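Enquirer: If you want the building blocks of each chain, they are given just below.
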Amino acid sequence: MRDQRLWTWHIGAGVVILVLLGLHMTVMHLDAFVRVFNATPEEPIHWSNVVARGRSVFFLVSYVLLLGAALYHGFYGLRNIVFELNPAAALKKAVNGVLVAAGIALFVVGTWAAWASFQFARVAG
Amino acid sequence: MIDTKGRPNRLGIAGWLGGGRWGFERYLYTLHRLTGLGLLLYFVLHIFVTSSRALGPESWEAAMGRVSGGIFVLGEYLVFAAFAFHALNGIRLALVELGIGIGRPIEPVYPYRTSVHAQRPLAIGVMILAGILAVVGGFGFLQ
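Here the protein sequences come in this chain order: A and B.
Here the first sequence is numbered in our numbering, starting from 1 and rising by one per residue.
Here the second sequence is numbered in our numbering, starting from 126 and rising by one per residue.
By construction, these hints were calculated from the structure, which means they are not laboratory data.
The structure displayed is predicted, hence computed values, not measured ones.
Note that beta-carbon positions come from the ideal geometry of N, C-alpha and C, so glycine has one too.
Partner residues are not named here, just some residues of chain B that face chain A (Cβ under 10 Å, in silico): (1) L164; (2) S177; (3) G215; (4) I216; (5) F266.
Between the sequences and the hints, there should be enough to build the whole structure, so can you do that?
Expert: Right, here's the structure in full:
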């Protein structure tokens, strides 16, 4: 039952990623065809565009949502792959612990970066 | 996660990679896993590299300078192509999970079409779309 719930969240996270990563890829890599959220004519990774997106509340929220969804989707997928090898119960517990700890740590780093760059961009004007 | 109790993956890692005679979709499954693992590895690195923007323009430019050049452009394109495949194949998997595009259940009276035959057009269709997306995205990397 618990695994069924986790699997449903995995698919739900996939849908969130599809929308937000689709937007991210469009902004960053399809700019030759669809120019969105690039305020200046420079490249999408040019600081002027990065700081312009960084001061947007929409991007702050979408970055954190994408971060959480992608970490859950990725680490749950990795967990499924490892568990298919039928590890012992103790090893399963250790894998769960490592993946949860790594996921939380990466979420904290990424959220800090999104929030700090939002504050930086707001002050920079 | 599928409970493998009583049906262990006796082939181990070879069981992950080999499609045997199970057809096209089984190789999509293998590629879905490989691209998923590649995207996860890239994503973890991407979090650290792009976090440099929080420390200002000098830190950002230095981080971008460290990951610029031919080999990184190629690597980034492979990530884009992996995204194109994983996303489109993921849509197919979600549709199949919901019972869409796999045909109606029929009585297995010979000669019958299997579910695999019924869902093959969906698999081919999403792969064509993934290929188009990978090619279109490639133009951006050539600039």
